[in-house]
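S.K.: Please build the complex by placing chain G on the supplied structure of chain D, with the hints as guidance.
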Amino acid sequence: MHVFSDPKNFDAFVSSFLWILKLTGASAVGALVLGVLLAAMRVSPVPVLRGFGAAWVNIFRNTPLTLVIFFCYFGLFVTLGLSLSQDLFLNIYWLGVIGLSTYTAAFVCEAVRSGINTVPTGQAEAARAIGLTFAQTLRIVVLPQAARSVIAPFGSILIALCKNATIVGTIGLMESSSVMKDLINFNGDAVIPIFLVFAGTFAAILIPTGYFFGWLANRLAVKR
Amino acid sequence: MSTSSVLYDHPGPRAKVRNTVLSVIFGVALLGLVYWIYSKFDQANQWEGWLWKPFAEPKTWTQFILPGLWATLKAAGVGMLLSLAFGIIFAVGRLSDHKWISVPAGAVVEFFRAVPLLLMIFFVFYGLPYVIKQPVTAFWSVVIGLTLYNGSVLAEAFRAGIRALPGGQSEAAYAIGMRKTQVMQLILIPQAARAMLPIIVSQLVVLLKDTALGYIVAYPELLQRGVNDLAANYGNIIPAAMVIAVIYIIINSMLTWFAGWLERRTGTRRVRVPRQRAGTAGSTVVEPQG
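Each protein sequence line maps, in turn, to chains D and G. With the numbering used here, the residue at position 50 of the first sequence is 50, and numbering never jumps. With the numbering used here, the residue at position 28 of the second sequence is 28, and numbering never jumps.
Chain G extracted, bound-state conformation:
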């Protein structure tokens, strides 16, 4: 069922009238809802000019929002690189023929996938300093938390990708005399990485959203700078939250669109796997964390 329009007949004259009537009814209801929300915020004086004026001043952007955005992107970028490395290492580890490698690797992946990110960040930020006898910066506690969680999710994605490759690929590689490491490095990982590229990019969206948790350990990312600190200066917490939400939505929509574009591009070339099956398998791997 590729298009949803198979669910209903092509509208005839009566159906067209009915759809128009329903459109109008729901449209009016929606407008009413929007107006209700608007008037509620209006009663709370949230649309007054002085609350929104700071966003027209360059200082707001240069002092609060852009540094916050940069910190968010920095944590997300470093976290992505580290979790990619973590993911590849543990995916290969879990696929190893040696039980003493594959079992611990599997245990690590399963464990970190089950632990909430907030718990990890709290442990690294508050607990780890007691253990290693020196403070851990907010940046690294966010990045370490993101790496362990997203790395484990990516490890599962890579493992699924490697196992979904046709068996003939590794058989052919063994047949021409490659060793296990070579088969993995030269044959399996490159193909799996390409097939899993859309999932990797959608995981980047998850990771970018999760950096917002940094604000609870006072890491100066977008939510901390753009909402908390900005509102502390101008007293406009609701307008600030709305503006920051729009910024997040724009960035993540672009990444989501990019992931979809990659999926369409790579999807047409993978002939062996039925596309629908591949799509649903992919969506089960990515978890909608944070």
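The following block holds chain D by itself, in its conformation from the complex:
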């Protein structure tokens, strides 16, 4: 434990997890908005939008996240010169948020779409019968009901997103896995404690999150 009693190491440890939480928070919002929009496109009456949604899902679900993040850095930043902040780390952070959001949105879209499938047909038929348009049917009748059945998949997506946030370390953000690698390289005598602290922190954040979403999903589940 002498490694973490050094304030420098302890600060690196804390800030690394703050990066993870910030990445997770911003990307979760981005992926949620984008994913619900994509899901709406995929069930819409306009063929072009359906095709766009399907293409997005198939491309990003089948590309490794490492490659997506890699492309955000070398494609958007290095080649196209898209700079989102003067600060080096903040720039990488926002590039990471873009990559994580676009990638995770594909999974959110699929979760919402299977959530829409759990809403009984009669609900949408009744909505159409009273003259609601497609947008109204989706917004007022179907999505609120679908939301209750997608909580469990959203929980797993959020947990995966939090773990995936470490991949932004590959383009140079000092997040937890990169900090752990550095600490291991400088403290070869305390490898196991270092690993247990980092892995244990993830477990302490994510295992309760998993149980929380399980509890929430059960509580809000539509009893049919």
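Simulated from the structure, these hints should not be mistaken for laboratory data. One should not assume that every hint holds.
A short, non-exhaustive set of chain D residues, derived as facing chain G with CB atoms under 10 Å [what the hints assert, rightly or not]:
hint : residue
1    : G51
2    : L65
3    : L67
4    : F74
5    : N91
6    : F134
7    : K163
8    : I184
9    : A190
10   : A199
11   : I207
12   : N218
13   : R219
Since this is a predicted model, take the numbers as computed values, not measurements. Note that CB positions come from ideal geometry on N, CA and C, so glycine has one too.
M.R.: Just chain G now, kept in the frame of chain D:
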């Protein structure tokens, strides 16, 4: 709600016109977006012939891409076999009647499911050599990381599959005098494995994508060879990344399609479980890691 078309009425003349107009508007907007991206890369001189020419030469494929692809498939294959074994052992362990087996097995599964793969790979590659006093190759650090993570996910999938089987199956097996081990081996695991086959295959997609993380410990897989090393030789990192992405998308699409085909095939035979419920339960188990 099996088809999404119940969300809107069958288009009449006005709706048809509106949909066509919207199609045209969004189509033009999309083309504009594509052209904008194209011109941005064009301004950065990314479409010049010499950047793409290497992909027409056999040397690029035989030296970089195919060896990388082979290394990716090798790590994914070994990782899949080991994580299947890990998954079955820990699923059975967690279902054990003995607390001293089921509690540690559950703790191991929950722990490795919560630890990011990158953290595992870094620990095995950089940390483990200090502990076991000998170096760990990049291949094994990737495979061990993949096994522990995906094995834990598969263990949960198997456990869910075994518990979803009708209780009568094990009751009947006990009634004809089978022992606990026999019930598990001969009755429960074969049925659960078949029901969980689509999930196992979709987890293979996850695993294959995760091998891309091998590039940060310099394991010569597809991303390392096809993008890093290739671009180091030809200076064409963006074209290389695009080509490699297409290769990943093709391979994973085939596996995804295969998983869907298996699901359709096995789905029709499982009469006891309502299909919709089974579908959503399955999708919660597989996590979209890496």
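S.K.: Confirm or reject each hint.
M.R.: Hints, verified against the model:
1. At a threshold of 10 Å, the smallest CB-CB gap from D:G51 to chain G is about 9 Å, leaving the interface hint in force.
2. Interface restraint check: D:L65 against chain G, minimum CB-CB distance 5 Å, threshold 10 Å, status holds.
3. Below 10 Å, beta-carbon pairs count as interface contacts, and D:L67 has one with chain G at about 6 Å; its hint therefore holds.
4. A least Cβ separation of about 5 Å between D:F74 and chain G falls short of the 10 Å threshold, and the interface hint therefore holds.
5. The beta carbon of D:N91 comes no nearer than 18 Å to any beta carbon in chain G, farther than 10 Å, and the hint placing it at the interface is violated.
6. A least Cβ separation of about 4 Å between D:F134 and chain G falls short of the 10 Å threshold, and the interface hint therefore holds.
7. Because the closest C-beta pair between D:K163 and chain G is about 4 Å apart, less than 10 Å, the hint holds.
8. Interface hint status for D:I184: upheld, as the beta-carbon distance to the closest one in chain G is roughly 5 Å, under 10 Å.
9. The interface hint given for D:A190 holds, since its Cβ lies 9 Å from the closest Cβ of chain G, which is under the 10 Å cut-off.
10. Nearest Cβ of chain G to the Cβ of D:A199: about 4 Å, under the 10 Å cut. The hint holds.
11. Restraint check, D:I207 versus chain G: the minimum CB separation of about 5 Å is within 10 Å; hint holds.
12. Residue-level restraint check for D:N218 is violated (minimum Cβ-Cβ distance to chain G is 12 Å; threshold 10 Å).
13. Contact between D:R219 and chain G, as hinted, is not supported at the beta carbon level, the nearest pair being about 16 Å apart and thus beyond 10 Å.
Checked against the numbered hints given earlier, the structure breaks hints 5, 12 and 13 and satisfies all the rest.
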